[in-house]
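Trainee: Quick note on our numbering: the sequence shown kicks off at 1222 and runs consecutively.
The reader is advised that the hints may include incorrect statements.
[Claimed, not checked] Cross-link-like lysine to aspartate or glutamate pairs, in silico, EDC-like; alpha carbons within 16 Å at most:
hint	residue 1	residue 2
1	K1440	E1506
2	K1237	E1345
3	K1440	E1415
If you are wondering where the hints come from, they were derived from the structure by calculation, not from laboratory data.
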Amino acid sequence: MSREEALAIVETVLDKREDDLVDLRRDLHAHPELSWRESRTTDLVCHHLDEVGWRLTRTGESGLIADLGDGDGPRVALRADLDALPVNDTTPDPWRSQVPGVAHACGHDVHTTALLGAGLALAEVHAAGRLPGRVRLLFQPAEEVMPGGAARLMEIGALDDVTRIFCLHCDPTIDVGHVGLREGPVTGAADSLEIRLSGSGGHTSRPHLTEDLTFALAKIVTELPSVLSRRLDPRVGVSLVWGRLGAGRAVNVIPDSGTLAGTVRMLDAVAWSDMEERIRRHVAEIVAPYGVRADVDYQRGVPPVVNDAASVALLGRAVDEVLGTAGRAPTSQSLGGEDFAWYLTRVSGAMGRLGTRQPGGPTYDIHQGNLRVDERATAIGAKVLAGVALGAI
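Turn these sequences into a full structure, and let the hints guide you.
Mentor: Structure (structure tokens):
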């Protein structure tokens, strides 16, 4: 059986199952689960893959490693993330989230369904006796938290004997029927930062007799991003953005404690390596004149996703076979973080951006409760993932 015949099996299986995949994706969307709690989602994936002969290994309450193929030939891995976000689903769809305060606002329901679809198709290729190597599917928990589930899967051997790894990530700025491809860095490094200040509070009429903690917090809010922008090469692309700030409750009381928290993102892996030490030093310098104490909790998150050229070529070939050459879309590096990056520190691979925007429709943003996707992307993603697996083994 030629590669073309194997791809024809993939096409036939997924065309036949496209409506089933849409229904599955809607079921996952209606029943989202937060990081490390994706047990129902894992159960559902296990049920479908077990029926078609994949060898399954649960990685705990949630998460799954599935293997197909025999021998000691090349093994390619495909990865999807399972978790949802703690946001409200504000879409009008009948399949909107039934879990208050939790929603698949990053498209992981699409990722999971597409990878499951690829698994169903590859099982048919294997049943025909023509799978040219070994395939591993990683259904990873907890991509949305730091540290994420990639680290745990790597610790338990998810990358053993893996030669290349691939994934697709929904991109609501790209029309359905297209996949964004890029060699080199495609995401940014992303860390989380929380700073807790403590000092002697007092009455607002006598700030000179206190350690004016609220004023010190404000100085960090404005000055720390400014210092970073002047002490680092602009090409590093560092971005410090605050998401939470709090101190005190009364208008005439200087509080004795306060916190602020946010994310630190950058395009450059070298700058990322010493960012924690730099942040700690600059915070101490900023608050020194005010006499307050600063406790910095810096959580290293993920490095940039760096696609190697050979893997991008393999992914591009799969896109061409599924969508034609017009299916390739240009894409640029973003400051978004993705723990798929950790896998790429161990093996070669690539992440593509799966278009989910309805042509002519609105452009949504990920991590927002109103995110909607063109559901044709699910079967497209499944075909591309199955195709790149066949091409990489």
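Trainee: Kindly indicate which numbered hints from before are broken by the structure, ordering the numbers from low to high.
Mentor: none
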